[in-house]
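S.K.: Listed below are the residues making up each chain.
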Amino acid sequence: MTATATAAPAAEPGVVHKRSLRRKLVPYWLLLPGILWLVVFFALPLVYQASTSVQTGSLEEGFKVTWHFQTYWDALTEYWPHFVRSVLYAGTATVLCLLLGYPLAYLIAFKAGRWRNLLLVLVIAPFFTSFLIRTLAWKTILSDSGPVVDVLDTVGFLDITNLLGMTDGSRVLATPLAVVTGLTYNFLPFMILPLYTSLERMDSRLHEAAGDLYAKPSTTFRKVTLPLSMPGVVSGTLLTFIPASGDYINAELLGSTDTKMVGNVIQSQFLRVLDYPTAAALSFILMAVVLIVVTIYIRRAGTEDLV
Amino acid sequence: MTDTQAGGDVRLSGISKNYGSFQAVHPLDLTVPQGSFFALLGASGCGKTTTLRMIAGLEDPTTGTVFLGDRDVTGLPPYKRPVNTVFQSYALFPHLTIYENVAFGLRRRGIKSVKKQVGEMLDLVELGDFAQRKPHQLSGGQQQRVAVARALINHPQVLLLDEPLGALDLKLRRQMQLELKRIQTEVGITFVHVTHDQEEAMTMADTVAVMNGGRVEQLGAPAELYENPHTTFVANFLGTSNLIEAEVVSTSAGKVVVSAADATLRLPADRCATAPTTGGKILVGVRPEKISLLHADEAAQITDGRNRLTGTITASSFIGVSTQFVIDSPVCPDLEVYVQNIERDVRLVPGARVVLHWNPEHTFGLDAAQDIDAGVETVGESAS
Chain S
1 MTATATAAPA
11 AEPGVVHKRS
21 LRRKLVPYWL
31 LLPGILWLVV
41 FFALPLVYQA
51 STSVQTGSLE
61 EGFKVTWHFQ
71 TYWDALTEYW
81 PHFVRSVLYA
91 GTATVLCLLL
101 GYPLAYLIAF
111 KAGRWRNLLL
121 VLVIAPFFTS
131 FLIRTLAWKT
141 ILSDSGPVVD
151 VLDTVGFLDI
161 TNLLGMTDGS
171 RVLATPLAVV
181 TGLTYNFLPF
191 MILPLYTSLE
201 RMDSRLHEAA
211 GDLYAKPSTT
221 FRKVTLPLSM
231 PGVVSGTLLT
241 FIPASGDYIN
251 AELLGSTDTK
261 MVGNVIQSQF
271 LRVLDYPTAA
281 ALSFILMAVV
291 LIVVTIYIRR
301 AGTEDLV
Chain C
1 MTDTQAGGDV
11 RLSGISKNYG
21 SFQAVHPLDL
31 TVPQGSFFAL
41 LGASGCGKTT
51 TLRMIAGLED
61 PTTGTVFLGD
71 RDVTGLPPYK
81 RPVNTVFQSY
91 ALFPHLTIYE
101 NVAFGLRRRG
111 IKSVKKQVGE
121 MLDLVELGDF
131 AQRKPHQLSG
141 GQQQRVAVAR
151 ALINHPQVLL
161 LDEPLGALDL
171 KLRRQMQLEL
181 KRIQTEVGIT
191 FVHVTHDQEE
201 AMTMADTVAV
211 MNGGRVEQLG
221 APAELYENPH
231 TTFVANFLGT
241 SNLIEAEVVS
251 TSAGKVVVSA
261 ADATLRLPAD
271 RCATAPTTGG
281 KILVGVRPEK
291 ISLLHADEAA
301 QITDGRNRLT
311 GTITASSFIG
321 VSTQFVIDSP
331 VCPDLEVYVQ
341 NIERDVRLVP
351 GARVVLHWNP
361 EHTFGLDAAQ
371 DIDAGVETVG
381 ESAS
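Chains S and C supply the protein sequences, listed in that same order.
Each residue of the first sequence is one higher than the one before, starting from 1 at the first, in UniProt numbering.
Each residue of the second sequence is one higher than the one before, starting from 1 at the first, in UniProt numbering.
Think of the hints as simulated: they come from the structure by calculation, not from any bench.
Just so it is clear, CB atoms sit at the ideal spot from N, CA and C, and this is done for glycine as well.
Do not take every clue at face value.
Said to hold, decoys possible - Using C-beta positions, here's what the derived DEER-type ranges look like:
hint	chain 1	residue 1	chain 2	residue 2	range
1	C	T62	S	Y297	41 to 51 Å
2	C	H155	S	G113	32 to 42 Å
3	S	G113	C	G75	20 to 30 Å
4	C	S113	S	I292	40 to 50 Å
5	C	L76	S	L163	44 to 54 Å
6	C	L76	S	F221	14 to 24 Å
7	C	E120	S	V155	50 to 60 Å
8	S	L36	C	D129	46 to 56 Å
9	C	T63	S	G113	18 to 28 Å
Said to hold, decoys possible - Just some of the chain C residues that point at chain S, by a computed CB distance under 8 Å:
hint	residue
10	A56
11	G105
12	R150
Pulled out of the complex, with its shape left as it was, chain C reads as follows:
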């Protein structure tokens, strides 16, 4: 507690957690650089909250060590760690006023004159007028801000956020995401944020760790994860991917040529998660918004060198900025294509024959020896 202001990374070394015979978190090494906004993203039950609770000290790891800076804090109880948490349902003290809730941490550390700090903190989260209210008199969004203020006032080395926006409606959630990001930039404290909402993770975090089944599947900047997923889980969980099973025809000069049903596709070798071998299987992926859609009558317009597929529209849904099409193609029965509504082609209706084409640079390759649908259903759940 003496060096709460002192810096340092959060370092997890070989940390794991078992509940009886169930392994919630497999041995995990993770470094969160000081001052970064780090997100642990995954479906419920993937071990992300358990990992967070081990950093907070609310859960004892079965194996491994937690370091804050150079200090091993594995054995320290929560009240001795320079770490604060924003809980999922806020866990505000119902019998205390907002003022006393925010002052709680300062008072426990024996700080007598808290008035100025509490006032400043309440102003930061724009709740200055609510100091004397009780938590139940506040709306969900206000309670959420109190929870953030109550944690931040202690200037923790790391702020842990456990699905802090889960209880808010969509509009408020978007607003709070920006607000939290602003606060993080302003105070410069390391934030570790747990969420199942991929959009939330991508909007807010500098680095995202995608977790699945107690393991980190992939770690990186949001754009990097989105453009270059290394597993089918990441490809499907972050946004939507069209994955096509294909056979490698040739690899040369950094270009991989593959064939699937009637089509021949190309992709850059450096965007393959595993090195492709001629004659081997590969999963070829492309994001729905990278694909352009043309009516079959205009197929001649497509320039050479682009990947192309043919198919029939089976469904289309108009959602304002774009139209989402599902296309039945010989290589895949449900390819998704998002088309910006710039000039709408009235011929593109279910039943129409179409040609899909995209830049080969936008194609990525994944190891074929994995479940092609991993992470698909979980997206549906979190979207609902």
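Excised from the complex, chain S in its bound form:
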């Protein structure tokens, strides 16, 4: 029996070779739709934008590639405060998301019991409403002399944010605080969901084992829960920070001219000023800035050492 089984492939080596080749190609066929998608909607626009960024000209005369790298330098010197603001606001919003999201994700993962699914739905529920509508709603919530601002003023919260330069007087709307609040609100689910996933799959016996080995609950959190949830923390902060740093809706609707982020500049260069090369150059600089920040962060967080 074994003799015939081994003899068969030997008889027609060509057929076998063909079949194994086809089998080897299967993964690439499966990759094809994704690669096509990336090429059409990511790589090509990127190349197109790259060429736009080194063009000169005007809308009337048309734009030509002149390898004018000066645009980058001009964009950077003129708009560097917007970059700083973008990184600062997005960074603050990310930290706030983490501080708000971690306890919530922890609660849903470990303490919610049968309410777990309901709470998860509530986390995602805001997505059923348009991003724009939700941000506009914050305009009403934070409106001058509204109940929220009154309470914040009375309890002295605004005194602190005034000191930090995030608000000015007893207004919240049109201040950095409003923009950061909007960013925090809009990106919170992107923080909570990865955190929840990494906490939820954690073996609860590890907590028991830590307790059994003389770790107080706070020590258990510091030495076991937090380190093991680092993959969730890292992906959550990236999912929050990267889109937040390019966001312009929150700064547009909740901020003022003093709180414009780089996203607002790109948007107005593209759609109002119609200076395409500057807009494209700004986009590339933003991409570089985000890549640098994220690289430093991942190096620091040391994700490769986790689990």
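Assemble chain C onto chain S, guided by the hints.
M.R.: Chain C only, in chain S's frame:
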């Protein structure tokens, strides 16, 4: 934590645990003497793990008190109890090296120089070369030893083991049983071991408590439990028993005579779990290996004074050291007999008429008012 080295028994007093309306552990009194190897044996869901977790402090008892020595620790959280646990799936910290896993307990107690102790402990479990590996790089047996080292390094007053060998294959399990027993003898710490494997409990423990339905059915040394079971559950769960329903004919001078179908059997009165009364029912038990088997043609060889039954072989299976027979007899349709393969009688095949005989001293009596098959199926489950 200050008196981790100080001795003392583990004493459970009236301890019970309810989950809603379900009573997982019925009020239970149990004393585990210091330095002993104590096993809680039972099928899954019998309350043995819950009992262990109440000693560890991972579960709050509904009623009752846990004492370590003279100290009431019922209200203490796990991290304040001088007790350590080896968890069922080891629960090693995946983000820490083996070294740091073992050092975890020492560091939490503020001990700075752990190097020497961790090294010694890793040597004890023969894992010195693996200190810098992560748990997932180790085999199941190695992980199990890390779990033991991580618990033992703290010199707990009591070491709790929750089915620690459940995930290992049979050969490794036998090896680890001896290893754990060696370590226990070496360090002299009280071990409380939870298992569903009756062989494991009997090999390792000085004292075994057989649990069933949230209660301790019987407690004693392994040989005592095996030879003198007090309930049908213990008789069937620990090894195999042939149980025969019989009627008491007479009791005199420490001897009980009973009749079942066509046979008359004798047993010592002091091996009856409940005092037999003439005319009353009783379950007569005998272990399969105590019975000798003869072909019906040689029945005359059997000496007087032995218990004897007749029957027909319905099945036989050869398993190397012994042959296991199932015999259909008027008193019981499936008597089991294990015969050592010293001299094999080729006539003993299914369909052959045979005579069973055994020493009456090897017979035990149980209260007839209980389920004759209690504990039978659970043995089948754990064997698979």
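S.K.: Next, verify each hint and record whether it holds.
M.R.: Results for each hint:
1. T62/C with Y297/S: 41 to 51 Å: Given about 49 Å between the Cβ atoms, the range holds.
2. H155/C with G113/S: 32 to 42 Å: holds, 37 Å
3. G113/S with G75/C: 20 to 30 Å: This hint holds: roughly 24 Å between Cβ atoms.
4. S113/C with I292/S: 40 to 50 Å: holds, 42 Å
5. L76/C with L163/S: 44 to 54 Å: holds, 46 Å
6. L76/C with F221/S: 14 to 24 Å: holds, 20 Å
7. E120/C with V155/S: 50 to 60 Å: With Cβ atoms ~58 Å apart, the hint holds.
8. L36/S with D129/C: 46 to 56 Å: holds, 50 Å
9. T63/C with G113/S: 18 to 28 Å: holds, 24 Å
10. A56: holds, 6 Å
11. G105: holds, 4 Å
12. R150: Constraint on R150/C satisfied, holds at 7 Å.
The structure is consistent with each of the numbered hints, conforming to all of them.
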